[in-house]
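*Asks:* The residues making up each chain are set out below.
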Amino acid sequence: MEKSFLNKKPNGSPGDGAVVVENIVKHYGSNKETVQALRGVSFEVKKGEMFGIIGPDGAGKTSLFRILTTLLLPDGGSAIVNGHDIVKEYKAIRKEVGYMPGRFSLYQDLTVAENLEFFATIFNTTIEENYDLIKDIYSQIEKFKERRAGKLSGGMKQKLALSCALIHRPVVLFLDEPTTGVDVVSRKEFWDMLKQLKAQGITILVSTPYMDEAGLCDRVALIQNGQLLSVDTPQAIIGQYNRPLLAIKAQQMLRLQNDLKQYEDVEDCYPFGEYHHLVMKAGYREEQLRSFLEQHGHHSAEVCTIQPNIEDCFMALMKN
Amino acid sequence: MRTLKFLLQKEFRQIFRDPAILRIIFLVPVIQLLVLPWAADYEVKNIRLSVVDHDHSKYSRQLREKITASGYFQLNDYSSSYNSALHEVEKDRSDLILEIPASFEKELVKEDQSTLFMAVNAINGTKANLGAAYLRSIIQDYNREVRLKWVQFPRFSAEQNIEITSSNWFNPLLNYKYFMVPGILVSLVTMVGAFLTSLNIVKEKEIGTIEQINVTPVRKVHFILGKLIPFWILGLAMLTIGLTLARVIYGITPVGSFLTIYCFAALYLLAVLGLGLLVSTYTGSQQQAMLLSFFIMMVFILLGGLFTSIDSMPAWAQAITKINPVSYFIEVMRMVILKGSSLFDIRYHLLTILGFAVVLNGSAVINYRKRA
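First to last, the protein sequences are chains A and B.
Note that our numbering has the first sequence beginning at 230, numbered continuously upward.
Note that our numbering has the second sequence beginning at 32, numbered continuously upward.
Heads up, some of the hints might be wrong.
[Stated by the list, open to error] Below, in silico cross-link-like pairs of lysine to aspartate or glutamate (DMTMM-like), each with a Cα-Cα straight-line distance of 25 angstroms or less:
1) B/K236 to A/E343
2) A/K324 to B/E242
3) A/K380 to B/E237
4) A/K424 to A/D488
5) B/K158 to B/E96
[Claimed, not checked] Cβ-Cβ distance ranges computed for the label pairs, FRET-style:
6) B/M32 to A/K364: 27 to 35 angstroms
7) B/L322 to A/K380: 29 to 37 angstroms
8) B/G315 to A/G287: 35 to 43 angstroms
Treat the hints as calculated values from the structure; they're not laboratory data.
We put the beta carbon where it would ideally sit given N, CA and C, even for glycine.
Here chain A stands alone, though its shape is the one from the complex (with noise of 0.2 angstroms):
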């Protein structure tokens, strides 16, 4: 690999990632009442790689893109990234990568023109010199470029954080939530975006609730009360699910569920959409269910074994 190329610094950085975290922990607030936000989160991400960190509300995965970007300091723990350590070099990661936060923070008092502009500006760049590697994105809002940013609707403005965090060329790409309150059409285009930035050889870390949208990434780490549960490519995440997974439909949704509860093969079950997904010990026997199912009345139940996705991996890893 491009082990050399990467490990020019002479002490020799643990691995040849674009970051790696080790052991990072934060926790919020006095003595009296601590939160955990992070407690030793450890994972690699690889040079040009799409790297997903999935996990709920809450999970820490904003505290820890803010500790990977400089903005916060973590406890304990290290993490380097594009080979600067973030609490000595904090000065060289900032000229090198780009961070959207969850939240829109451009200038919303600014035309789209001038946040752009701005930004180039700050990063000691021109919007001409690196026009090429957001020309896509921006093409589409360079016609509201005169309209403030304040007044862009949500999709433009998140266009536009984008290309903002881009104008400098960055290394490494941070997102946090980037289609938390996007619409669906706009988040499929904001993954193929990201699909050709990654093309460009960007690292790009993103972080979002929405399991869905592993898939999209290279690899994924499942994050929850600040531990991750696995860090792996969706398939193998998906490949290490070991039990008999169905699908179940019947009149009564709410009542099937309890019911299913009491039943003493079942492990887990929750609602997923129109259906209850429902986990099973290996060996059940699906006459046993079903005459099961006839005994407390769901007569008319539909039930069928399906492929698990990479959400029914995140609630099998969460229960353990």
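With chain A held as given, fit chain B onto it using these hints.
*Replies:* Here is chain B on its own, set in the frame of chain A:
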């Protein structure tokens, strides 16, 4: 340098796009200077007087006429019962009661002395104090007049008399507007300098733009300068508007030079900008910054010698005025505008304000951590 230029450009664009800020900067000084000097008047006029006359003599009538002719008093009622006069005070229709005893004229003529009684409604302290003092001096004046009539010239008066005449230096007509306008100008400059700055910085915190700035290689010093310079310029612009208005409306032309005023103001603005910066480091929302600023401004103005003389404050309050930059600027403004003090005369003030600037900005920079 290029970064700073763009930060300044951005800052000015934002300021000039915010109609509320523009209004504050240009309308507030105009309104304050148009209205306040007329209302914030030390002179007490229209003191409502109740005269209780038990004498109904020529002398008592003369005294009454002399009092009402002075222009300070309005005769509220003229009765012969103290209780009815007190009732007027209770109804807040009267501020002062003057009671003339039944034998006033007789005693004055025969025994060469008489006593008057004065009761003051002390709800409004200033009015009570000044009203009583005015009345006392009018009565003394009356007393002298009466005596002069009796003394036959050229016979030498047996009674010794010291008469005091005074002349008012630097403000010959004791025009209180000359005194108020410079002070009001100071409070305006302070508002722009300290409070618009803190609100501006806190706004960036509140809407999260500071996060976006913090992940860029922008240097701390550039960011802070980018915030301070625009308000430094606006503060001086406001001072210019104020001085122009003072000239046009009140005909106040500084006896001293404009250079002295601007030199001091430039330094003073550095100090209050530092204060604004400090406030912004302690607050997280515009609301907090607003309330904290309001509190500080109240203390500064009330303990700054704008409305009340610092020399008559208790010792502890005088100690506070020593650490109140506003009091120094008010004093300097009055010195330069009324007395024509030069830079050399205000050298200690300059040094003190320089000290404030260093301490306030220093602690603000220490407090302002780019990394939370």
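*Asks:* Against each hint, give a clear statement of whether it holds in the structure.
*Replies:* Verification of the supplied hints:
The hinted pair formed by B/K236 and A/E343 meets the criterion: a straight-line CA distance of about 20 angstroms does not exceed 25 angstroms. For the hint pairing A/K324 with B/E242, the CA-to-CA distance comes to about 15 angstroms; that is within 25 angstroms, so the pair holds. For the hint pairing A/K380 with B/E237, the CA-to-CA distance comes to about 18 angstroms; that is within 25 angstroms, so the pair holds. Proximity of A/K424 to A/D488 is assessed by CA-CA distance (about 44 angstroms); at most 25 angstroms being required, the pair is judged violated.
The hinted pair formed by B/K158 and B/E96 meets the criterion: a straight-line CA distance of about 21 angstroms does not exceed 25 angstroms. Checked against the hint of 27 to 35 angstroms, the C-beta distance between B/M32 and A/K364 comes to roughly 30 angstroms, which is consistent with it. Distance hint check: the CB atoms of B/L322 and A/K380 are about 30 angstroms apart, consistent with the given range 29 to 37 angstroms. Between B/G315 and A/G287 the beta carbons are some 21 angstroms apart, a value that contradicts the proposed interval 35 to 43 angstroms.
The structure does not agree with the numbered hints 4, 8 stated previously, though it agrees with the rest.
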